[in-house]
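Can you make the complete structure from the sequences, with help from the hints?
Chains as they are written, first to last, in our numbering: chain A, 1 to 330; chain B, 1 to 265.
Rather than coming from a laboratory, the hints here were simulated on the basis of the structure. None of the values given here were measured: they were computed from a predicted structure. Just so it is clear, CB atoms sit at the ideal spot from N, CA and C, and this is done for glycine as well. Check before you lean on any hint, since a few could be wrong.
To be verified - Below, a sample of chain B positions facing chain A; criterion: calculated Cβ distance under 7 Å:
| # | residue |
| --- | --- |
| 1 | Asp76 |
| 2 | Gln87 |
| 3 | Ala90 |
| 4 | Ala92 |
| 5 | Pro93 |
| 6 | Gly104 |
| 7 | Leu107 |
| 8 | Leu113 |
| 9 | Val116 |
| 10 | Arg118 |
| 11 | Leu119 |
| 12 | Arg197 |
| 13 | Gly200 |
Said to hold, decoys possible - Pair by pair, the computed Cβ-Cβ distance ranges are:
| # | chain 1 | residue 1 | chain 2 | residue 2 | range |
| --- | --- | --- | --- | --- | --- |
| 14 | A | Tyr193 | B | Arg233 | 53 to 63 Å |
| 15 | A | Phe321 | B | Gly137 | 48 to 58 Å |
| 16 | A | Val319 | B | Arg70 | 25 to 35 Å |
| 17 | B | Arg17 | A | Asn253 | 56 to 66 Å |
| 18 | B | Pro123 | A | Tyr149 | 45 to 55 Å |
| 19 | A | Leu136 | B | Tyr15 | 28 to 38 Å |
| 20 | B | Tyr15 | A | Phe132 | 45 to 55 Å |
To be verified - Over 12 Å on every C-beta distance to chain A, these chain B residues come out as not near it, computed from the model:
| # | residue |
| --- | --- |
| 21 | Val56 |
| 22 | Gly66 |
| 23 | Leu91 |
| 24 | Glu106 |
| 25 | Leu120 |
| 26 | Glu149 |
| 27 | Ser186 |
Letter by letter, the chains look like this.
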Amino acid sequence: MANSTATAGPLRNRTAEAFLHNPALGPLGALVVAIVVFSVTTSTFLTVDNLSLVVQQSLVVATLALGQTLIVLTSGIDLANAAIMVLGTMLFARLVTEGSSPVLALVVGFVVCAALGGVSGGLVTWLNLPPFIVTLGMLTVVLAAGRLYSQGNSWPVTDPVLGLLGEGGYLFGQVRVTHGMTLAVVMFALVWYALTQTSWGKHVYALGNDPEAARLTGIHVGRTRFSVYLIAGVIYAFAAWQALGRIPNADPNAFQTGNLDSITAVVIGGTSLFGGRGSVLGTVVGALIVAVLRSGLTQAGIDSLYQDVATGVLVIAAVAFDQLARRRSR
Amino acid sequence: MSTPALQARGLVKRYGRVTALDGADFDLYAGEVLAVVGDNGAGKSSLIKALSGALVPDDGTILLDGAETRFHSPLDARRAGIETVHQTLALAPAMDIAANLFLGRELRRPGPLGGVLRLLDKPAMRRQAQEQLDALGIETVQHIGQIVETLSGGQRQAVAVARAAMFGSRMVIMDEPTAALGVKESRLVLDLIRRIRDRGLPVVLISHDMPQVFELADRIHIHRLGRRAAVVRPGDASMSQVVSLMTGALRIGEDGAPPDVSGAE
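Structure representation (structure tokens):
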């Protein structure tokens, strides 16, 4: 979205403008710095195997964060996304284990995830309830539903269709690329396109900016907001499929902090929790920053608790930066 | 005189026991600036909301070029070519000028790119937005890709006015367009209003600023107690007479006809 026709102005102003146009620039810089630092300080970080692994490890949270990005852009938040995804994995795994065809299991899982996203969206949109409360309630309900449905067990997956996204091949004979990675690229590209190149995307940003202004300009605010939650639900189903590709076992207690991890990726990626500002590219970068920090700090021999400290500091720094940018632009 | 571009007869709107509009009439003619003045609570904003579709009156009729019409939503009024510059401006601060001008009516690429892939025609929107700003002589913004929140209050107002002028084919309603602005910025907006009028588009100006009303308006609609109390021409009445009509200190006949204010003295 950078504006190439910008008239020459003071460099500082143009830099500020560039950041306003593209809030992912800051996080992108941070990601590059992190990669360089770990490449120099450790011998094991900058290898094709490790980099491929970093991406594979970030896939599930990144996919959850993609749905989260859409909702945060409308100035909402989704605390239930990981729970919805986990329920999705349970549906996929148990249905197939009990003899249904994998395609049918996928369809059922996708429909249920979309419907749960739609329930959140409907409550937020038409009952005007705060997204935090709605999704907190959904989190509790869906988590319990997943545990009930799992009967307290985890369900191993051996079906090749359910495990498909963990499969893949080698690019140039050595870079491991899974179908999950390819799918993630396609999904991020699709959502990027919808957000930046279509009216729907403009309306999502506008209603996140100021819902009343959006209404007065004739945008169907309710319909657009609902569609965002519905689409996020579908994306969570993809995350569930990704999760089974990564670990072929549907565990009702997995991804307990997946919701917070996805918010972390969104916020570090420069998307504002106040809505209307941010990008899908930022979320990719945010998810990668978290994964790179984990991998790099591990290989530097640093305790995983310090990795959490680093991630937490980054989240606060990202929000502080957002606040500063907003205040300066007033 | 010719048929009014927009006419309202006997508009009534009640909220419980409160009567906001009590048989209000309204006439707007082509090519004029009509100021609407009235004390707080006189029902000005209810009248404006009824004309811009934001409120559905309980009774009464609205006629566009003599034909009866009903607005059920702001979208209906917009489709009829009535654009409103709201006091809040209704801009998306984090989006650029071009995106704000086309908010809610984005242009899509012709052919399958726009039809199937829903691809926006950003170059066309930028071009048309620039043309619109140029046509209105808005030179203070540097480029069309500027984010609205980086603009000054006057520039933002100018963007909102430009949007209304761009899509308003029948009339433009401006609700207190200079209330939040300094002297210099107010000038800019008043010049814009004149330019819009000079294009032949009638403008309804809601304002508390009497000198401004007298400077700009061709006629002044005085609203009191939910109905039109009088219509005067700035040349025929003094500011104090208009204020007296607003407060009820000066009264005119019940027929709603413009009063002969010169004879009232």
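Here's how the hints hold up against the structure:
1. Asp76: violated (10 Å)
2. Gln87: violated (11 Å)
3. Ala90: Holds, about 4 Å.
4. Ala92: holds (4 Å)
5. Pro93: Hint on Pro93/B: holds, closest Cβ of chain A at ~6 Å, below 7 Å.
6. Gly104: holds (4 Å)
7. Leu107: violated (9 Å)
8. Leu113: At 10 Å from the nearest chain A Cβ, Leu113/B fails the 7 Å test, so the hint is violated.
9. Val116: violated (11 Å)
10. Arg118: Where the cut-off is 7 Å and the nearest Cβ of chain A is about 4 Å from Arg118/B, the hint holds.
11. Leu119: holds (6 Å)
12. Arg197: violated (23 Å)
13. Gly200: violated (24 Å)
14. Tyr193/A to Arg233/B: 53 to 63 Å: holds (56 Å)
15. Phe321/A to Gly137/B: 48 to 58 Å: Violated, at about 38 Å.
16. Val319/A to Arg70/B: 25 to 35 Å: The hint (25 to 35 Å, Cβ to Cβ) is violated, given that Val319/A and Arg70/B are roughly 48 Å apart.
17. Arg17/B to Asn253/A: 56 to 66 Å: holds (59 Å)
18. Pro123/B to Tyr149/A: 45 to 55 Å: holds (51 Å)
19. Leu136/A to Tyr15/B: 28 to 38 Å: holds (36 Å)
20. Tyr15/B to Phe132/A: 45 to 55 Å: violated (33 Å)
21. Val56: holds (16 Å)
22. Gly66: holds (26 Å)
23. Leu91: violated (6 Å)
24. Glu106: Since the minimum Cβ distance to chain A is about 4 Å, Glu106/B lies within 12 Å and the statement is violated.
25. Leu120: violated (6 Å)
26. Glu149: violated (5 Å)
27. Ser186: Check passes; 21 Å lies beyond 12 Å.
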